[in-house]
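Quick mapping for you: the protein sequence lines, in order, are chains A, B and C.
Convert by adding 11 to the 1-based position in the first sequence; the result is the number in this note's numbering.
For the record, in the second sequence the residue sitting at position 618 is 617 according to this note's numbering, with numbers rising by one throughout.
For the record, in the third sequence the residue sitting at position 139 is 138 according to this note's numbering, with numbers rising by one throughout.
Hints in this document: simulated from the structure, not taken from any laboratory.
Glycine included, C-beta positions come from ideal geometry on N, C-alpha and C.
Honestly, I wouldn't trust all of these hints.
What the hints assert, rightly or not - Below, a list of computed lysine-lysine pairs in the DSBU-like style, where the Cα atoms sit at most 35 Å apart:
(1) C:Lys148 x B:Lys266
(2) A:Lys110 x B:Lys472
(3) A:Lys14 x B:Lys381
(4) A:Lys185 x A:Lys72
(5) C:Lys19 x B:Lys381
(6) A:Lys47 x C:Lys148
(7) A:Lys53 x C:Lys148
(8) B:Lys381 x B:Lys422
(9) A:Lys53 x A:Lys184
(10) A:Lys110 x A:Lys13
(11) A:Lys155 x C:Lys148
(12) B:Lys530 x B:Lys266
(13) A:Lys13 x B:Lys334
(14) C:Lys80 x B:Lys381
(15) B:Lys381 x C:Lys148
(16) B:Lys422 x A:Lys14
(17) C:Lys74 x B:Lys555
(18) A:Lys13 x C:Lys98
(19) A:Lys14 x B:Lys197
(20) B:Lys381 x B:Lys418
(21) B:Lys334 x A:Lys47
(22) A:Lys53 x A:Lys13
(23) C:Lys80 x B:Lys538
(24) A:Lys53 x A:Lys185
(25) A:Lys47 x A:Lys62
(26) B:Lys418 x B:Lys197
(27) C:Lys32 x C:Lys19
Unchecked claim - Which residues of chain C face chain B? A few of them, derived with a C-beta cut under 10 Å, are:
(28) Lys71
(29) Phe82
(30) Arg94
(31) Pro96
(32) Tyr122
Here's the letter readout for the chains.
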Amino acid sequence: MKKFYVPLALFVVLVGFLAVGLNRDPRAVPSPLVGKPAPAFKVAQLAEPGKTFAPADMLGKVWVLNVWASWCVSCRQEHPLLVEFARAQVAPLIGLDYKDTREDGLRLLRMSGNPYDFSAFDGDGRVGIDYGVYGVPETYIIDKAGTIRHKHTGPITSEVLEKTILPLIDELKKS
Amino acid sequence: MIPELGHFCLILALCVVAVQGTLPLIGAQRGRSEWIALARPATQAAFLLMLTSFACLTWSFYVSDFSVAYVAGHSNAQLPTLFRVAAVWGGHEGSLLLWVLMLAGWAFAVAQLSRTLDAAMVARVLGVLGLVAVGLLLFVLLTSNPFERLLPAAEDGRDLNPLLQDPGLVFHPPMLYMGYVGFSVAFAFAIAALLSGKLDAAWARWSRPWTMTAWVFLTLGIALGSWWAYYELGWGGWWFWDPVENASFLPWLVGTALIHSLAVTEKRGSFKNWTVLLAIGAFSLSLLGTFLVRSGVLTSVHAFATDPRRGIFILILLALVIGSSLMLFAWRAPKVALGGAFALMSRETLLLIGNVLLVVAAGSVLLGTLYPLIIDALNLGKLSVGPPYFNAVFVPIMAPVVFLMAIGPVARWKHAAGKDIGKRLWIAAILALVAAAAIPLLMGGWTLLTGLGALLAVWVATSVVSQTVLRLKAGMPPPSFWAMQLGHLGVAVFVVGITLVGGYQDERDVRMEPGDTTVVGGYTFRFNGVKNVPGPNYKAAQGEFDLLVDGTLLKKLYPQKRSYFSSTMPMTEAAIDAGFTRDVYVSLGEALEGNAWSVRVYYKPFVNWIWGGCLLMALGGLFAVADRRYRLKFKSTTVAASLEGVPS
Amino acid sequence: MKRLFLSMLLLLACAAAGAKDAAPLAEDPAVEKRLIVISEEMRCLVCQNESLAGSRADLALDLRRELRTLIKEGKSDAQIKEFMVSRYGDFVLYRPPVKPTTWLLWLGPFALMIAGVAALVAYLRRRAREVKDTPLSAEENQRAEALLKEVDQ
């Protein structure tokens, strides 16, 4: 009788989902901001408090926003890759010093090198919230029209750089 | 040396259960009595080997042997002895070893206590248990060996997670596993029945005490976990619908349906296929739970450190065990005869409705737990399913079940007259309606939920009392009667607890300087300052509070804020004044400017009725097992022989 | 956390040296109550296993501060949810929104309940037709009685 096979059938479907689920990371949170305009803000720069920075300043260029902090341990992991990236002059790399003090942020850049064209200073984390930051470091690729095209949470690896970030920047530059 | 001995015993145990899981099964199928006879000694040997292995791991923890990687990862030289031993099951490898030990233990118990059962049946049951053990031991040996060495040995261990350094760790996991794993026996009996084709009332009678016992342990295990979370985490919650909590709750729901279904199958020979399916389902959910906790597919505060390899292994094990059981079911079920007839209005029907609702409830919890994974797997995004969903869905499904609890025991088997039931329950109905209106108002305000809770609780409780009074007139009823009444009364008490705490709890989040007072629930807390106290592996800031009611000092409370040497996150130990009708508790927040502190005080009315209700339920279960029908001197062989000729 | 409380202290009246009824940590208990209700239904993204209401993570403190501001500005519950979802996605809500991808989730349990009860009713009807009780003969009845007596001993 066919009805007795129903439990087995349901179970097979369940196993299918579980198998797929094994390859997913349940903690990863995709950003709803991808495909939307980069939220506007205007904050002082880290090194030169007299100057400000707003995403609108970068319209017409493809650029990368990297959120970092002096207290962030995983940021040190991606630091060498960022230095490489900056050296290759692929696209402007703007830092956002998140929930930090000016001195600590500047000290870190002095000690381990500064890959950023410059960094903006987000002391109270308000900009971070608008950008959906929840786990520093986070990196955003923004296109010429000011739309966020990609967000990477966590330290950048060379694989991600090679396979995702660089090709995307290339493509965006051409359009 | 000792760790190697432990490892060796595991390998030996694998060989033994490989024998246990194959020859007796083939023997029972082919009628080879020498192979059937292997079942019992193999099971005994497997248990002794597992026990030795577990003892070796425990010893390694006891002497703080940090050359064993698992010990180094979960213990510390300064850890108090009690926690050093409990830390054995504080992580993945050790808790899995505990799992397998429990499985071997249950099999051993079956082997010892089933002398009067048909030998072929016993061989099948032990054989199935052996097969499951093979899968799990392979898992342990290939991916999760607790005896891996760490060379060079660590100077000191990483310490047990401070949240786990509590007596709760000593009791909660073992109880939980005893329950979880215990359903493997019901499962084995079900498979044995399907294999032999002997699916009848006698099978249900044999199966029942084992299932009941596992259910009792699971009930206690879950209740302990809930209570532990309540007093340990410092902010008064007791159930979070966390995936791992759900993983233990699912077998409980299906297990409850199972024990009721077994009652019908035993008494009336009905629902055999359904009962077998439930038995397979309960253990399957236990295995699924094991998978969810250890594979990393769901985020949970309880989840162990994960490794995709482990996830794949358990999934394959799951697929094999459950898949083959369900296939066997689909093949054999059509050949099973139906039981006795019963009217639409009868105890059988009511039990069946309750069963269906329990399974629907379990299905809903499963759906909610797995939904984020399903949506992610289909690339439809990422979402969360939390307490608001589960509460919204679970309460409407379970409310009718609780409602039926008062009616079922009062309905006759086979044919129940509505008038009869009405006569026995009209008092309960009136009292319930009065309570639904009065209790919430007395407590401080009427809401739909509190009214419903009061209604259901009093409805069931009154039914229990009136049945008991009536029954006592005819002499002392047997344990099975008490089992039923206690179990249902336990549910009523539980409902009182969750309704009143949920509806009328109160808290204050305040800034206190020494001398300040704050009031909650009619209780006054006076803060007398904080001083530093040392602990074995932590240092603590201990607050002193006077608890006053109407100006008189009730008690002094000493909450602590602990900094463990091994961890950066400070831990809060709340101070609780527990009582029959309420808990009041205070927990320290952070130190503020001057000598002020942020403090949280809570008033929790009737919160202990939640766990009291669970205790009553478990007690009811124990009475059911103690019924003289299951006593060892029961001469089942003679009865089994005589039952041969009776039509089922 | 410390910064938050220091700023609150400036707003609260200076505490006199004497004992008094403790002041609530929150500036405005009404706002706080609403905050708790709203944030209890949101996930803390850092710990991921705690609600936004209970978490002590830095981000949680910042987000609660933002929500407090929004509540004081008079934003509705829906607007506040929208604020969070537009930045963090549906993942942040513990109560899954009702939309086509969650219809199965929200309707599933009740559909299951209806299906279950319907299947039960159909089964009971069919069973009543199929199963006929065979009453025991007098001799079988006697055998049954004898067996039961034996069991009761």
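How the hints compare with the structure:
no. : hint                : verdict
1   : C:Lys148 x B:Lys266 : holds, 16 Å
2   : A:Lys110 x B:Lys472 : violated, 74 Å
3   : A:Lys14 x B:Lys381  : holds, 34 Å
4   : A:Lys185 x A:Lys72  : holds, 11 Å
5   : C:Lys19 x B:Lys381  : violated, 49 Å
6   : A:Lys47 x C:Lys148  : violated, 81 Å
7   : A:Lys53 x C:Lys148  : violated, 91 Å
8   : B:Lys381 x B:Lys422 : violated, 54 Å
9   : A:Lys53 x A:Lys184  : holds, 25 Å
10  : A:Lys110 x A:Lys13  : violated, 62 Å
11  : A:Lys155 x C:Lys148 : violated, 92 Å
12  : B:Lys530 x B:Lys266 : violated, 64 Å
13  : A:Lys13 x B:Lys334  : holds, 13 Å
14  : C:Lys80 x B:Lys381  : holds, 16 Å
15  : B:Lys381 x C:Lys148 : violated, 63 Å
16  : B:Lys422 x A:Lys14  : violated, 40 Å
17  : C:Lys74 x B:Lys555  : violated, 43 Å
18  : A:Lys13 x C:Lys98   : holds, 34 Å
19  : A:Lys14 x B:Lys197  : holds, 21 Å
20  : B:Lys381 x B:Lys418 : violated, 53 Å
21  : B:Lys334 x A:Lys47  : violated, 61 Å
22  : A:Lys53 x A:Lys13   : violated, 66 Å
23  : C:Lys80 x B:Lys538  : violated, 41 Å
24  : A:Lys53 x A:Lys185  : holds, 28 Å
25  : A:Lys47 x A:Lys62   : holds, 27 Å
26  : B:Lys418 x B:Lys197 : violated, 39 Å
27  : C:Lys32 x C:Lys19   : holds, 23 Å
28  : Lys71               : violated, 18 Å
29  : Phe82               : violated, 17 Å
30  : Arg94               : holds, 4 Å
31  : Pro96               : holds, 8 Å
32  : Tyr122              : holds, 8 Å
Consistency note: the structure conflicts with the earlier hints numbered 2, 5, 6, 7, 8, 10, 11, 12, 15, 16, 17, 20, 21, 22, 23, 26, 28, 29.
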